[in-house]
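Undergrad: With the sequences and hints as input, model every part of the structure.
Chains as they are written, first to last, in the numbering used here: chain A, 107 to 521; chain B, 107 to 521.
Derived by calculation from the structure, the hints in this document are not laboratory data. Where hints are given, some of them may not hold.
Said to hold, decoys possible - Derived pair list, reagent style BS3-like, types lysine-lysine, alpha-carbon separation capped at 30 Å:
1. A:K201 with B:K201
2. B:K112 with A:K416
3. B:K201 with A:K213
4. A:K316 with B:K120
5. B:K316 with A:K316
6. B:K213 with A:K385
7. B:K112 with A:K316
8. A:K112 with B:K416
9. B:K117 with A:K120
10. A:K416 with B:K117
11. B:K416 with A:K117
12. A:K112 with A:K273
13. A:K120 with B:K316
As the list claims (entries may be wrong) - One-sided and incomplete, this derived list gives chain A residues near chain B with beta-carbon spacing under 8 Å:
14. L221
15. G222
16. I350
17. S357
18. K372
19. D373
20. A468
21. V469
22. Y470
23. F477
24. G481
25. R499
26. G500
27. I514
As the list claims (entries may be wrong) - What follows is a list of derived Cβ distance ranges for each label pair:
28. B:G484 with A:E286: 20 to 30 Å
29. A:D345 with B:K316: 52 to 62 Å
30. A:S360 with B:G205: 29 to 39 Å
31. A:S436 with B:E274: 52 to 62 Å
32. B:G484 with A:L172: 50 to 60 Å
33. A:D196 with B:S517: 22 to 32 Å
34. A:A164 with B:C127: 54 to 64 Å
35. B:G518 with A:G194: 26 to 36 Å
36. A:G484 with B:G518: 16 to 26 Å
What you are looking at is a predicted structure, and each value in this text was computed from that prediction instead of being measured. Idealized CB from N, CA, C, for every residue including glycine.
Each chain is listed here by its residues.
Number of protein chains: 2
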Amino acid sequence: MVSGLKEIGEKAVKAERILACTRGGIKDSALAAIACALRAKSDDIIAANKIDLSNGDAAGLSLSLLDRLRLDKGRIEAMADGVCQIAGMDDPVGKIISGTTRPNGLKIQKISVPLGVIAVIYEARPNVSSDAAALCLKSGNAVILRGGKEAINSNKAIVQCMRTAVKEAGLPSDCIQLVEDTSRESANELMRMNETIDVLIPRGGAGLIKAVMENSTIPVIETGVGNCHIYVDRAADIDMAVNIIFNAKTSRPSVCNACESLLIHKDIAELALIAINAKLVEKSVEIRGDEIVCEILPDAVPANDDDWGKEYLDYILSAKVVSDIDEAISHIAVYGSGHSECIVTNDYEASQRFLNEVDAAAVYVNASTRFTDGGEFGFGAEIGISTQKLHARGPLGLDNLTSEKYIIYGSGQIR
Amino acid sequence: MVSGLKEIGEKAVKAERILACTRGGIKDSALAAIACALRAKSDDIIAANKIDLSNGDAAGLSLSLLDRLRLDKGRIEAMADGVCQIAGMDDPVGKIISGTTRPNGLKIQKISVPLGVIAVIYEARPNVSSDAAALCLKSGNAVILRGGKEAINSNKAIVQCMRTAVKEAGLPSDCIQLVEDTSRESANELMRMNETIDVLIPRGGAGLIKAVMENSTIPVIETGVGNCHIYVDRAADIDMAVNIIFNAKTSRPSVCNACESLLIHKDIAELALIAINAKLVEKSVEIRGDEIVCEILPDAVPANDDDWGKEYLDYILSAKVVSDIDEAISHIAVYGSGHSECIVTNDYEASQRFLNEVDAAAVYVNASTRFTDGGEFGFGAEIGISTQKLHARGPLGLDNLTSEKYIIYGSGQIR
Chain A
107 MVSGLKEIGE KAVKAERILA CTRGGIKDSA LAAIACALRA KSDDIIAANK
157 IDLSNGDAAG LSLSLLDRLR LDKGRIEAMA DGVCQIAGMD DPVGKIISGT
207 TRPNGLKIQK ISVPLGVIAV IYEARPNVSS DAAALCLKSG NAVILRGGKE
257 AINSNKAIVQ CMRTAVKEAG LPSDCIQLVE DTSRESANEL MRMNETIDVL
307 IPRGGAGLIK AVMENSTIPV IETGVGNCHI YVDRAADIDM AVNIIFNAKT
357 SRPSVCNACE SLLIHKDIAE LALIAINAKL VEKSVEIRGD EIVCEILPDA
407 VPANDDDWGK EYLDYILSAK VVSDIDEAIS HIAVYGSGHS ECIVTNDYEA
457 SQRFLNEVDA AAVYVNASTR FTDGGEFGFG AEIGISTQKL HARGPLGLDN
507 LTSEKYIIYG SGQIR
Chain B
107 MVSGLKEIGE KAVKAERILA CTRGGIKDSA LAAIACALRA KSDDIIAANK
157 IDLSNGDAAG LSLSLLDRLR LDKGRIEAMA DGVCQIAGMD DPVGKIISGT
207 TRPNGLKIQK ISVPLGVIAV IYEARPNVSS DAAALCLKSG NAVILRGGKE
257 AINSNKAIVQ CMRTAVKEAG LPSDCIQLVE DTSRESANEL MRMNETIDVL
307 IPRGGAGLIK AVMENSTIPV IETGVGNCHI YVDRAADIDM AVNIIFNAKT
357 SRPSVCNACE SLLIHKDIAE LALIAINAKL VEKSVEIRGD EIVCEILPDA
407 VPANDDDWGK EYLDYILSAK VVSDIDEAIS HIAVYGSGHS ECIVTNDYEA
457 SQRFLNEVDA AAVYVNASTR FTDGGEFGFG AEIGISTQKL HARGPLGLDN
507 LTSEKYIIYG SGQIR
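TA: Printed below as a string of structure tokens:
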């Protein structure tokens, strides 16, 4: 038993009872106060961040990890901006989702309510602390933040500043809490605190998500892994295919909605592959191809069986020639991660079959997979992309941080 | 590794790929065929059930358990009727839930799709086999049934008959499969088959649900436990309170929406308790009361601390006098199971506070908790009552057996 965790859970439940019934205006004032406080305390936060950076440097963290960890005035300003944007959104709580009057006169309404206490487990990106806290606060949920040990000093400074702001706005500071013990034991224990935590959201790489899925007894919203395919159909416009593939692979290779695998109809394989490759060399993308791809593109690296399921998050693309749309759909069913899948085609029937038969959070005809994103879908800020089928699938907006409750107005009815 | 389980999972995935894209009319024909087959084969099913009953008798099963296990012509007719009703409902798959055209011209639609492969783990009630299979089939989900060992012969006969019917209707028989190994190992392994199973639904008592919540790595829809309270406010109509309590406690004490605990405002405690007790004695209900209750009702049994959290499922009711609505709401927050909670009052503000502040799947003013039920809410058949906050809360109808998918129509958009 990690000391203090049980108490954190109990404090969250207590704060949540107040927060759940708090009107939107007060929540928005608290969010505005958080944004102000982040700006006002940015020097303190940057000082704390410097300690994390020098510890990380000493521990030999990679440059890209150190970059994710780094905070400066601009990044803190962006965090504060993000909080303000969330304050400006509609309150997702208290909506009447549906309602009916039954023959016996009972009036039944389904209304949106907060999920309750949400624990967010994340890695070395300190901006997740303010993002997640603001989304949870807006949706009436008390949040328990458990970031990675690399960012602990930054997180302490950010959370301290948010807690003070929330309290000044008249809400319990325990609406936002940080688990300061960053041991593996604390994460594992958090995942089993069913008594006090309603939902667990992991934000991070495949390893973190797998650990949470395996160990958590609390319901989880799985975010993440994207092995996204683009299938270039026989009836594709090749210029369009080239543009979409170049954008989906190279505009930001490190994100989950980037394209990782290419499937090409055999009838246009040669023409399409040469054109695609000619564009991808601009960004030195490595193509890992099956036998036919390697014949057409002498520079391609032969793919092995592991390649088809891989999320590279890098300037690498697997590529395979398929004999028809059936083979493309079957391949995606086996290797896809259920994130975003795209067909490029001008064939009506092929487009409809792909939309109907491919099972993923987002299925595209003739557009880049990079659009799978809360902002691009018009939801505003997002807490991640869900690839599970329960509760919510695709970009998670504020509405997905709510549950529902039936309220029933009677006049003495019995059954 | 229990032999055959992995193969069952793989067969379900294969069947699901066909079922997910099957039109509603074909699914309804399959359901009609199942209903016919159940009726036609009722003698075989009853013969198999006789074996279970005699095994159960020899094993010393309780009379109530044997009664749940028992099938006769009437009960099989009711099972077939249930399947027909499900056939007559709207297809929950393929609904356009929402849609938008983004400024860049992308047309984004959110549509309802099946969850995928659902495993249902249940106990000794063979009618769950046809109920669960029909609900899953209608919602486009392949189902893996894993019933209790007490009902294995009945379940084999029922599932055999359903599989044949489904096949004759042109769908893969593996849309419905039964795990014939009823060992604890088979259940535990099933709970970790994330590769092939999308969602797990336990149907049964608190012990089963707890085991599933603790062991499953697959997302679970928790159904169940109901420690339902009725709070009789100072401003209650006492006759109405008596009627509601009598109905909620005694109309069917063994179900999860029955009332288990009574809270009474101190100002009307004496008057109300005497009237309530006078009615409850008709059914010999035992009242387990706090000190004040026991003073007012000399026949009441003193409650101990365990009583407040108990789901008796019997003619027993705990009772406590509270000093105001705050104490009632706090007591429910601590001891309630988040199922159904009721206030009896004629005070407007008290009714609104109770509806807002009590956190449960269904919160009632002036009506019996027994209405928390798919049929009573107008959803038709239900697969259980969810007391978790993720995915679905309250009575689970066909719509709750679906997920969603975004389909995006583009014309070459890149980001």
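Undergrad: Give a verdict on every hint.
TA: Evaluation of the provided hints:
| no. | hint | in the structure |
| --- | --- | --- |
| 1 | A:K201 with B:K201 | holds (22 Å) |
| 2 | B:K112 with A:K416 | holds (23 Å) |
| 3 | B:K201 with A:K213 | holds (26 Å) |
| 4 | A:K316 with B:K120 | holds (25 Å) |
| 5 | B:K316 with A:K316 | holds (22 Å) |
| 6 | B:K213 with A:K385 | holds (27 Å) |
| 7 | B:K112 with A:K316 | holds (20 Å) |
| 8 | A:K112 with B:K416 | holds (23 Å) |
| 9 | B:K117 with A:K120 | violated (47 Å) |
| 10 | A:K416 with B:K117 | holds (25 Å) |
| 11 | B:K416 with A:K117 | holds (25 Å) |
| 12 | A:K112 with A:K273 | holds (22 Å) |
| 13 | A:K120 with B:K316 | holds (25 Å) |
| 14 | L221 | holds (5 Å) |
| 15 | G222 | holds (6 Å) |
| 16 | I350 | holds (6 Å) |
| 17 | S357 | holds (6 Å) |
| 18 | K372 | violated (23 Å) |
| 19 | D373 | violated (21 Å) |
| 20 | A468 | holds (4 Å) |
| 21 | V469 | holds (5 Å) |
| 22 | Y470 | holds (5 Å) |
| 23 | F477 | holds (6 Å) |
| 24 | G481 | violated (10 Å) |
| 25 | R499 | holds (5 Å) |
| 26 | G500 | holds (5 Å) |
| 27 | I514 | holds (5 Å) |
| 28 | B:G484 with A:E286: 20 to 30 Å | violated (49 Å) |
| 29 | A:D345 with B:K316: 52 to 62 Å | holds (58 Å) |
| 30 | A:S360 with B:G205: 29 to 39 Å | holds (31 Å) |
| 31 | A:S436 with B:E274: 52 to 62 Å | violated (27 Å) |
| 32 | B:G484 with A:L172: 50 to 60 Å | holds (57 Å) |
| 33 | A:D196 with B:S517: 22 to 32 Å | holds (30 Å) |
| 34 | A:A164 with B:C127: 54 to 64 Å | holds (56 Å) |
| 35 | B:G518 with A:G194: 26 to 36 Å | holds (32 Å) |
| 36 | A:G484 with B:G518: 16 to 26 Å | holds (20 Å) |
Checked against the numbered hints given earlier, the structure breaks hints 9, 18, 19, 24, 28 and 31 and satisfies all the rest.
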